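Asker: Each chain, letter by letter, is given below.
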Amino acid sequence: MTNAQTLTLARATHARRVRNQILENIVWYMILFLMAVITVLPFLWILLTSFKGPHDQIVSIPLQFIPNDPTVANYVRVWNQLPIGKFFLNSIFVGVTTTLLNVFITALAAYPLAKMKFRGRDAIFYLLLATFIIPAQLTYIPSFVLAVNVFKYYDTLLALVFPSLATVFNIFLLRQAFLSVPNDLLDAARMDGASEFRIWWQILLPIIRPTLATVAIFTFVNSWNDFLWPSLMLHTRDNMTLPVGLIALQGMFASDFRGVAAGVVMTVVPILIFFVALQRQFVRGLSGAVKG
Amino acid sequence: MHVAACEIIAGSNTFEVSCVVTNADLEGFTRMFMTKKFSFTPYLFLAPALLIIAVFILYPTVAVVYYSFTDYNIVQPPVWVGLQNYQQLVQDPIFWKALTNSFLYLIVTPTLIFLSILLAIVVNRPLPGINVFRALYYVPVISGTIAVGIAWRWLFDYNGGLINGILIGVGILQQPVQWLAEPAFTLPIAMLLTIWIGLGYYMMVFLAGLQNIPEDLYDAAVIDGCNGWQKHWYVSFPGLRPQITFVAVISSLAAIEVFNEIFVTTGGLGGILNSGVTLVFYLWRQAFRLQHAGYASAIAIVLLVITLGFSIINIRLLERSEQEAS
Numbered sequence: 057m058t059n060a061q062t063l064t065l066a067r068a069t070h071a072r073r074v075r076n077q078i079l080e081n082i083v084w085y086m087i088l089f090l091m092a093v094i095t096v097l098p099f100l101w102i103l104l105t106s107f108k109g110p111h112d113q114i115v116s117i118p119l120q121f122i123p124n125d126p127t128v129a130n131y132v133r134v135w136n137q138l139p140i141g142k143f144f145l146n147s148i149f150v151g152v153t154t155t156l157l158n159v160f161i162t163a164l165a166a167y168p169l170a171k172m173k174f175r176g177r178d179a180i181f182y183l184l185l186a187t188f189i190i191p192a193q194l195t196y197i198p199s200f201v202l203a204v205n206v207f208k209y210y211d212t213l214l215a216l217v218f219p220s221l222a223t224v225f226n227i228f229l230l231r232q233a234f235l236s237v238p239n240d241l242l243d244a245a246r247m248d249g250a251s252e253f254r255i256w257w258q259i260l261l262p263i264i265r266p267t268l269a270t271v272a273i274f275t276f277v278n279s280w281n282d283f284l285w286p287s288l289m290l291h292t293r294d295n296m297t298l299p300v301g302l303i304a305l306q307g308m309f310a311s312d313f314r315g316v317a318a319g320v321v322m323t324v325v326p327i328l329i330f331f332v333a334l335q336r337q338f339v340r341g342l343s344g345a346v347k348g
Numbered sequence: 608m609h610v611a612a613c614e615i616i617a618g619s620n621t622f623e624v625s626c627v628v629t630n631a632d633l634e635g636f637t638r639m640f641m642t643k644k645f646s647f648t649p650y651l652f653l654a655p656a657l658l659i660i661a662v663f664i665l666y667p668t669v670a671v672v673y674y675s676f677t678d679y680n681i682v683q684p685p686v687w688v689g690l691q692n693y694q695q696l697v698q699d700p701i702f703w704k705a706l707t708n709s710f711l712y713l714i715v716t717p718t719l720i721f722l723s724i725l726l727a728i729v730v731n732r733p734l735p736g737i738n739v740f741r742a743l744y745y746v747p748v749i750s751g752t753i754a755v756g757i758a759w760r761w762l763f764d765y766n767g768g769l770i771n772g773i774l775i776g777v778g779i780l781q782q783p784v785q786w787l788a789e790p791a792f793t794l795p796i797a798m799l800l801t802i803w804i805g806l807g808y809y810m811m812v813f814l815a816g817l818q819n820i821p822e823d824l825y826d827a828a829v830i831d832g833c834n835g836w837q838k839h840w841y842v843s844f845p846g847l848r849p850q851i852t853f854v855a856v857i858s859s860l861a862a863i864e865v866f867n868e869i870f871v872t873t874g875g876l877g878g879i880l881n882s883g884v885t886l887v888f889y890l891w892r893q894a895f896r897l898q899h900a901g902y903a904s905a906i907a908i909v910l911l912v913i914t915l916g917f918s919i920i921n922i923r924l925l926e927r928s929e930q931e932a933s
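Chains as they are written, first to last, in our numbering: chain A, 57 to 348; chain B, 608 to 933.
No lab work stands behind these hints, which were simulated from the structure alone.
All of these numbers come straight from a predicted model, not from anything done at the bench.
Do not rely on the hints blindly, as some may be mistaken.
According to the in silico footprint, chain A covers these stretches of chain B (three or more CB under 8 Å from chain A) [stated by the list, open to error]: (1) 670-683; (2) 723-731; (3) 743-751; (4) 914-922.
Heads up, the beta-carbon is just placed ideally off N, CA and C, and yes, glycines get one too.
Generate the whole structure from the sequences, applying the supplied hints.
Answerer: See the structure below:
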């Protein structure tokens, strides 16, 4: 073969490869798009329905997607009949308080488990491990009795905060992070006469900041979406968090699909914005949570 | 103990104890109190967390064991009835239905593992804009089961539901189907919701795992003559073993303890003819709808025994995968 022939051949192969690549990518994008439709379509439908006016069809075949007569009346109606704003503030209060205190308390507990030798350490560690398998729902009956008779916080937001102040999963995750900090660093600080609390606060916490962020985000999202326990504790409308309030809304607006849709949109959008803002942390957190 | 003399030097939060110990077999004691400083510090760090866990997990677990042997309605003090609740449980057809349903719900675990690995393999391709898709798949996870579940329930609505609309529009159905009123569909609808929500979350877990698998393993597989999917079968699946174990543990426990999905898709009723009642749903109904807290506690104990059994299996699996890894 001459050089020229080889070159044309190479070019043709290359062109074919590029064509195959493009074709393959189109197939991948089709799969991705199909999955996205399955994931997002119900949300889109809810969103469009929430803007439908009284003359738009909800019950119709074929389905009507786009409202002819778009309106925000559904939002106004829901907002006026239910304290959605209050639900929000309650959810934010519970989420923020729980997260801050939980991370503080579990990070405190994780430090000695990772970096100190003391009597009973293994016993405490295995005790924590054992509580890990106890289903949360199992504790609700006695916790309910405690809430009503002992702590007297039934129907207040404190009832949601206190039981979630320490989670074994977070202790383990933070302990894992502390374990990776070199001991020399701690010994040097101890030589300098730093107290253990100062070492924890000024040296350890800044080092494990990514894990702290992960733990904080997950704790917040869990608190934000928690339903069963809050639904047992919160009775008065003004005290409800979003998921509990949403169920109340579903009950009130049973036949008013537009109203329910508007309520769902109002509760979902803020948490989605929060997610988009912290997306990187989420992904990093997930890769850190399960070590390969 | 044969401690002859002790001297305690107290510091701010530590105190040193120097002792003259006459018995040699007190070695552990000596190691703790003489060679090392005895310090309250670790216990102080642990105290708040242990207090919370003792009050909200340990005490309730002990209490629920006690309640399960009593007739209790939360308002009046519990009355000891021995094994009566358990005897009643064995003869209760709804309890057996709930137990069966909870175990049936475990189908979501292998389904989720398989589908989310496939999805992770797809989104692991370095295509432009792939991050947007990854984020989109995560939307149901973030939105929360209750909000998502309300939307989900409407999808299956008889009159205005998207599912009936699409199926009739495409011509698969002639008449709308009463999805929500048909007992056979109650559990599958809730399970699909679990899968739909879980897919995005577990996809992220597997994606992180895939990105830890060294590229040369795939190159080696190609040299050995693997095509595209064989490559994943022989490299990705074994490489994802830690993630598969993690997801199996987490999602099977979540499946056995499912409540939210059942509550929201059945409107809090448990489905026609109890078709959607699971253990936790039945526990909740007995305790907080019917005020049978003693009976519900017996259900809780069954749940505890099941999760204990699961944990033993899971620990075995973990040990095995660690042995094979090493």
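Asker: For each hint, tell me whether it holds in the structure or not.
Answerer: Against the structure, the hints:
| no. | hint | verdict |
| --- | --- | --- |
| 1 | 670-683 | holds (count 4) |
| 2 | 723-731 | holds (count 3) |
| 3 | 743-751 | holds (count 8) |
| 4 | 914-922 | holds (count 4) |
When held up to the earlier numbered hints, the structure conflicts with none and fits them all.
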